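Given the coordinates of chain A, work out where chain B should sit on it, guided by the hints.
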Amino acid sequence: MTLRRLLLGLVFPVALLAAWEVSVRTGLLSEDVFSRISRIVPALLEGLADGTILARTYETLAAALFGWAIAAAIGIPLGLVLGLVRPLERLTLVTIEALRPVPSAALIPIVLLIFGFSLELDATVAAFACLWPVLIVTTGAVRGIEPRLLEVGRALGYGALARIWHFALPAALPGIAVGLRVAFGIAIVVAVTVEIAANPRGLGYAMITAQQSLRAEVMYAHLFWIGLVGWLINVAMIRAERHWLRWYWAARGAA
Amino acid sequence: MRAAWLAASVAFAAALVALWQVAADHGLVSRVFFPAPSRAFDFLGEWAASGELWGPLAGTIWRTLAGWLGATLLGVALGAAIASSAVTRDLFEPTVEFLRPMPSSAMIPPAILLLGLTDGMVVAVVVFGSIWPILLGAIHGFRSVEPRLMELARTLRMGRMHRLASIALPNALPEIFAGMRVSLAIALIITVVAEMLSSRPGLGQMILFAARNFRSAEIFAGVFLLGALGYLFNAVLERAERYFLRWRPAVGNG
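Heads up: the sequence lines are chains A and B, in that order.
Counted the way our numbering counts, the first sequence spans residues 1 to 255.
Counted the way our numbering counts, the second sequence spans residues 1001 to 1254.
There's no promise every hint is true.
[Unchecked claim] Here are some, though not all, of the chain A residues that point toward chain B, as calculated from beta-carbon distances under 8 Å:
no. : residue
1   : VAL11
2   : VAL33
3   : THR52
4   : LEU91
5   : PRO103
6   : ALA105
7   : LEU107
8   : ILE114
9   : GLY185
10  : ILE196
11  : GLN211
For the record, the hints were derived by calculation from the structure and aren't laboratory data.
All figures in this text were calculated on a predicted structure; none of them were measured in a lab.
Idealized CB from N, CA, C, for every residue including glycine.
Bound-form chain A, shown alone:
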């Protein structure tokens, strides 16, 4: 059954790639624009073998990770506080709702002025974009905690910080984990975007230079690679989440 589904799932992409190759070879599509699979795959393998693609991947992922870590370091504590202290959440509502819809790309020029072309440029814009999902999910997860749980903490004589650490944080963790996973996907997307728009480093810039030097096969090789890396990271994070939070799901199933 699962094999059948796997095969069915492969039918469409394989057919699409085959149609691509055939239409370019028969001259239906321009090779200058579309290249073809039989040239893209060797270009990808060559880039992987000589290490250039991996070096670009490292630049992009390092920046994404940095930005994501900043967003987590600000978003989780802030979300805990806003979720626990309702008046604070209400007070900051307008500020957050006004900042959140600012398109992250709009920050590129400002951050560019401050940091110049650098890892920090990618990371800062990524941090801004990922802050909101982390903050909102954390606030929501903390607010959704069973209030009696926190009362128990108070009754047992725990201090405010200890209550957050021992009660609020573990109870909100599954929600926070989802927010962090979504945020990391966003961080990669934003890092690549900043590189395409302005920053001369990483996978995004490699794509733009390939396009500008009319090396379509190199450009598509990077496109496939970016897709593959993004997908693998997403799958890995879902796995990790299930693994580390199985105590939570186990407890839920038992309850």
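Just chain B now, kept in the frame of chain A:
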């Protein structure tokens, strides 16, 4: 009570802006990087008065909306088709799942090769980039129709299109709307990025140009404007969502 909180919340935001103004006036933050907000607002006023503002603003708005509407139509149609049977789901869902985490801006270089530095390129990239939340919402929404409802419709001899329009679509609507809201925010971001790269007259090109000339107050003016635009888009869509889903007993979004 709610109004009082709202007023307090607005006052808090205003206090932050005032703090920034004071800090900039006294040179506590670099004026090159963080110019006083009043200067950015001055620029906005000047642009509006001279008429320089309207062309780029209109350009950004129509590119965003055109791409987003295209993504909505295409996403709902594809979602309905993919969700229509188990076989089509098995055929297309893995591809959708693979393409979804793809940075949509990565489609800009191929789109430039294909369509050149044109408005068509910008809109095409916006469609591709903002379709995923709508497509996934539509697939899920169309699939989660109560099967007995569909059986009932079949016994009533409702046609396929009739079933789709009067049962499946209303059922999928909340999830489609949720997807549309996420994708409108994405559409605006991609429009800005594509404008930066393609030099099409728009807010994206305007702020990048300001950055190249180190005119930070103008950048902030553009950022304020884009933030307001994003806020407005979301607010209007939220209203529309509430209106179109008013027949539902309770729409569960806080």
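- In rising order, the numbers of the hints this structure does not comply with: 3
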